[in-house]
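Asker: Whole structure, please, built from the sequences with the hints as guidance.
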Amino acid sequence: MSHLDAVFDDEPMASLEWPIPREWPLSPNIRTNAMKTLWLVRHAKSSWDDAALADRDRPLADRGWRDVAKMGRRLAQRGVTPDLILSSPTIRALATAEAIARALDYGRKHIVVDDRLYTCQADDLLEVVQALGDQPKSVLLVGHNPELSEFAHLLSSEITYLPTCTVAEFRFATKSWAEVGKIPPERVMLDYPKKKGRGAP
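Start counting the sequence shown at 1; every next residue gets the next number (this note's numbering).
These are calculated hints, taken from the structure and not from any lab test. Careful, some of the hints might be misleading.
[Claimed, not checked] Quick list of in silico lysine-lysine cross-link-like pairs, BS3-like style, CA-CA up to 27 Å:
1. Lys-70 <-> Lys-196
2. Lys-109 <-> Lys-70
3. Lys-196 <-> Lys-109
4. Lys-195 <-> Lys-70
5. Lys-194 <-> Lys-70
Answerer: Pasting the structure below:
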């Protein structure tokens, strides 16, 4: 039994292999237009209670579960409907991705697990995004710090740090993900569990 099966024992998630497949396992709600929306989500607060666990096996802490439930509700209230959810292979990232997917009525079988989203650099994350092609209009990526904060800062200098369970939204006026990192975002928004207010930031 893998570390994923120990937590997610029902319908399997997709597993990404390199090179990128010709067709992504996209949500059936996919739409296409000249805008691309990227949500970067730092995984929710993890637990350090069991020192014997390998880093990738650490689960969410109680606070993490509360925070991701809150953020999932906020995203749902805003009408967020990603065409594709990408996640790091760690337990804490997958738990975050699945909780958000459930809140957004996004089938867990469409969550793509990508090993490149773990122990990587900001440039690696940019490469993953730029290789998405033209098909998905909106992508939600769940990953880790420090690389996720560095990637967000690369996309917009307004962002310097992403606390746990923060959602950073970027909208780009382009038909191709290959342009991300080359053109500035048209819109940047940040939301996080402790942010005051309800619904949209």
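Asker: Are the hints correct? Go through all of them and say.
Answerer: Hints, one by one, checked against the model:
With a CA separation close to 12 Å, the supplied pair Lys-70 and Lys-196 stays within the 27 Å bound. Proximity of Lys-109 to Lys-70 is assessed by CA-CA distance (about 22 Å); at most 27 Å being required, the pair is judged to hold. Annotation: proposed proximity of Lys-196 to Lys-109 is violated, straight-line Cα distance about 33 Å (limit 27 Å). Between Lys-195 and Lys-70 the alpha-carbon distance is near 11 Å, which keeps this suggested pair within the 27 Å criterion.
Taking the CA atoms of Lys-194 and Lys-70, the gap is near 10 Å; set against the 27 Å cutoff, the hint holds.
Checked against the numbered hints given earlier, the structure breaks only hint 3 and satisfies all the rest.
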